[in-house]
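**Student:** Please put together the full structure from these sequences, using the hints given.
Residue numbers (the numbering used here), protein chains in the order written: chain A, 1 to 329; chain B, 1 to 289.
Watch out, some of these pointers could steer you wrong.
[What the hints assert, rightly or not] Distance windows between CB atoms, simulated: (1) B:T93 <-> A:M107: 48 to 58 Å; (2) B:C166 <-> A:T261: 48 to 58 Å; (3) A:V201 <-> B:L106: 51 to 61 Å; (4) B:L269 <-> A:R96: 36 to 46 Å; (5) A:E305 <-> B:L114: 21 to 31 Å; (6) A:A198 <-> B:I81: 54 to 64 Å; (7) B:A11 <-> A:V201: 47 to 57 Å; (8) B:Q280 <-> A:I293: 55 to 65 Å; (9) B:L84 <-> A:G328: 54 to 64 Å; (10) A:G49 <-> B:V113: 32 to 42 Å; (11) B:V154 <-> A:R96: 44 to 54 Å; (12) B:L5 <-> A:T155: 47 to 57 Å; (13) A:T155 <-> B:A225: 50 to 60 Å.
Derived by calculation from the structure, the hints in this document are not laboratory data. Quantities reported herein were computed from a predicted structural model and do not represent experimental measurements. Even for Gly, the Cβ is constructed at its ideal location relative to N, Cα and C.
Below are the chains, spelled out letter by letter.
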Amino acid sequence: MTSLRSVFASATALATLSFTIPTASWAEQPIPVVATFSILGDMVERIGGEHIALTTLVGPEGDTHVYQPTPKAARSVAEADLLFMNGLEFEGWLERLAEAASFDGAMVVATTGISPIAFEEHEDNDHDEHAGHDEHDEHDEHAGHDEHAGHDHGTFDPHAWQSLDNAVIYANNIAAGLAQADPANASEYYTNRAAFVAEIVALKSDIDAMMAALPADKRTVVTPHDAFGYFAEAYDLTFEAPQGMSTESEVSAADVAALITQIRRESISAVFIESITDNRMMEQIANETGATIGGTLYSDALSGETGPASTYLDMMRHNATTLSDALGS
Amino acid sequence: MIWDLMLAPFADFGFMRRALLGCIAVSVGATPVGVFLMLRHMSLTGDAMAHAILPGAAIGYLVSGLSLGAMTIGGLVAGMIVALASGFVARVTSLREDASLAAFYLISLALGVLIVSTHGNNVDLMHVLFGTVLALDDTALILLCSFASLSVLVLALLFRPLVLECADPQFLRSVSKLSGVTHFTFLALVVMNLVGGFHALGTLMAVGIMILPGAAARFWAESIAGLIAVAALIAMFSSLIGLLLSFHYSLPSGPAIILVAGVGYGLSLIFGPVGGAIAQNLPRRKFET
Numbered sequence: 001m002t003s004l005r006s007v008f009a010s011a012t013a014l015a016t017l018s019f020t021i022p023t024a025s026w027a028e029q030p031i032p033v034v035a036t037f038s039i040l041g042d043m044v045e046r047i048g049g050e051h052i053a054l055t056t057l058v059g060p061e062g063d064t065h066v067y068q069p070t071p072k073a074a075r076s077v078a079e080a081d082l083l084f085m086n087g088l089e090f091e092g093w094l095e096r097l098a099e100a101a102s103f104d105g106a107m108v109v110a111t112t113g114i115s116p117i118a119f120e121e122h123e124d125n126d127h128d129e130h131a132g133h134d135e136h137d138e139h140d141e142h143a144g145h146d147e148h149a150g151h152d153h154g155t156f157d158p159h160a161w162q163s164l165d166n167a168v169i170y171a172n173n174i175a176a177g178l179a180q181a182d183p184a185n186a187s188e189y190y191t192n193r194a195a196f197v198a199e200i201v202a203l204k205s206d207i208d209a210m211m212a213a214l215p216a217d218k219r220t221v222v223t224p225h226d227a228f229g230y231f232a233e234a235y236d237l238t239f240e241a242p243q244g245m246s247t248e249s250e251v252s253a254a255d256v257a258a259l260i261t262q263i264r265r266e267s268i269s270a271v272f273i274e275s276i277t278d279n280r281m282m283e284q285i286a287n288e289t290g291a292t293i294g295g296t297l298y299s300d301a302l303s304g305e306t307g308p309a310s311t312y313l314d315m316m317r318h319n320a321t322t323l324s325d326a327l328g329s
Numbered sequence: 001m002i003w004d005l006m007l008a009p010f011a012d013f014g015f016m017r018r019a020l021l022g023c024i025a026v027s028v029g030a031t032p033v034g035v036f037l038m039l040r041h042m043s044l045t046g047d048a049m050a051h052a053i054l055p056g057a058a059i060g061y062l063v064s065g066l067s068l069g070a071m072t073i074g075g076l077v078a079g080m081i082v083a084l085a086s087g088f089v090a091r092v093t094s095l096r097e098d099a100s101l102a103a104f105y106l107i108s109l110a111l112g113v114l115i116v117s118t119h120g121n122n123v124d125l126m127h128v129l130f131g132t133v134l135a136l137d138d139t140a141l142i143l144l145c146s147f148a149s150l151s152v153l154v155l156a157l158l159f160r161p162l163v164l165e166c167a168d169p170q171f172l173r174s175v176s177k178l179s180g181v182t183h184f185t186f187l188a189l190v191v192m193n194l195v196g197g198f199h200a201l202g203t204l205m206a207v208g209i210m211i212l213p214g215a216a217a218r219f220w221a222e223s224i225a226g227l228i229a230v231a232a233l234i235a236m237f238s239s240l241i242g243l244l245l246s247f248h249y250s251l252p253s254g255p256a257i258i259l260v261a262g263v264g265y266g267l268s269l270i271f272g273p274v275g276g277a278i279a280q281n282l283p284r285r286k287f288e289t
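**Tutor:** See the structure below:
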């Protein structure tokens with residue numbers, strides 16, 4: 001909520017500035033835009049810069065899966081010219097909210113044009129890719145995991161921003177959306193996009209190197225919920241999670257047992273916790289298997305401003321470093 | 001066969017042993033309280049109290065994060081305030097206790113939802129506040145076991161006045177000043193067991209393990225001691241079977257346990273010798289000697 005407030009505050013401040021400073025152009029009224037969650041909000045902010053007044057509905061450390069819109073959110077949506085959403089049924093509540101707020105601007109779906117990972121296909125991919133490794137010969141345990149995919153979401157894994165390649169597509173969609181809504185500043189949006197993409201590409205080569213250095217028998221990662229499918233695909237890692245794709249589903253003893261068996265069999269040395277989930281389960285699993293807690297990963301939300309993942313790029317870097325430190329040692 | 005089905009899950013996995021121990025602790029502590037709730041026609045009070053605890057636990061979470069201690073104390077305080085306030089209103093005004101309890105628990109629940117939504121950061125607080133039985137750590141287990149022991153001890157001390165209150169509250173009130181003390185201590189036990197149950201099973205599940213076995217035991221025993229024994233056995237049996245179902249069939253553990261208890265209740269309803277559907281409607285053979 002503080003972020004909302006500060007966004008409002010800065011929006012008001014901007015507005016006041018443009019009134020008080022005569023040099024500020026009257027045409028420079030920032031266009032009101034809404035982004036659904038913190039990661040997308042950060043990207044929109046990067047590309048929109050000073051020309052937009054951004055409201056992020058689900059702020060840092062917030063869980064978009066279980067978000068409940070407030071009247072304030074509805075007002076922001078009603079006043080917005082542009083609405084940025086992730087898509088792939090990540091924001092299940094958005095359609096109703098936009099309808100209730102009688103939103104009449106343009107909607108930009110950031111995942112337009114990516115190749116989404118289907119839930120079943122995702123599982124199959126994991127199996128095929130790893131068939132070569134000795135440790136992965138027995139797939140009986142994995143079979144149990146198919147069941148908990150797709151409880152709450154649609155047919156595709158929505159956490160597409162976990163791949164840097166997809167982030168470039170996000171940036172393109174955002175820039176195109178902004179340029180269309182505000183043609184006067186289009187060139188600036190594209191300039192910002194180019195700078196952002198350059199940083200993404202630079203970070204990608206760092207992370208590529210880090211992930212390539214991981215030994216072949218240390219490529220299984222245990223996290224609380226299945227949010228890293230795209231990251232896994234990009235770097236040939238296997239992610240396992242007791243809670244499945246959404247943070248909403250409740251865990252069964254069978255899931256936990258399967259995971260513990262796997263950790264023991266493959267001698268997985270570290271499990272990870274996430275900033276947005278209840279981590280008692282992971283701590284118990286770590287206790288029981290003798291694995292250590294490798295660190296906190298940021299999956300669905302950025303950290304607060306003082307945290308290690310306050311922007312999208314910081315988040316990706318933090319996650320990769322945490323994984324590489326814990327698995328590489 | 002039996003080994004694989006019943007024992008291997010507990011032998012192989014520590015979290016299953018912990019879950020079972022936690023459930024047994026809750027069964028021992030909560031079911032006797034549930035039996036007295038039933039005898040005093042207060043079964044729904046358990047549900048009301050479960051909601052009343054929310055704001056306290058939420059404040060505890062907001063103050064010190066995921067600390068078991070803070071959330072427990074918060075829950076206990078909120079529950080006790082609601083219990084005392086509604087009892088007080090019932091004794092000094094003409095409003096009956098059930099009505100004032102309903103009023104206070106709704107206020108408390110609304111307050112809880114308000115706190116959660118304005119100060120929470122949208123992390124699903126229901127998940128955070130109300131644990132799953134599969135993730136019990138040492139402190140949670142110690143807490144559950146201490147609550148169960150304390151609950152049993154206090155119930156033993158209060159046993160006579162409580163039975164009297166069940167049988168004839170007016171009589172106890174007229175011969176002893178302990179009536180009020182008994183009542184509030186009993187409500188304190190309800191709150192304490194619910195807070196303990198939250199950590200093990202979650203909100204509704206905690207109430208379920210408190211009430212369902214007591215209601216089922218009603219069809220098997222007539223004495224209060226018998227009721228308590230049968231209820232505790234049913235609760236422990238349900239926990240065991242529920243956990244095994246969760247293990248073998250990938251079911252969420254909390255609902256699985258309560259549903260097994262529910263099946264137990266259904267069977268008792270039909271086959272129970274004391275006032276069950278069959279016993280009630282069979283031609284009677286009594287007084288033949």
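**Student:** Determine which of the earlier numbered hints do not hold for this structure and return their numbers in increasing order.
**Tutor:** Of the numbered hints given earlier, the structure breaks just one, which is hint 12.
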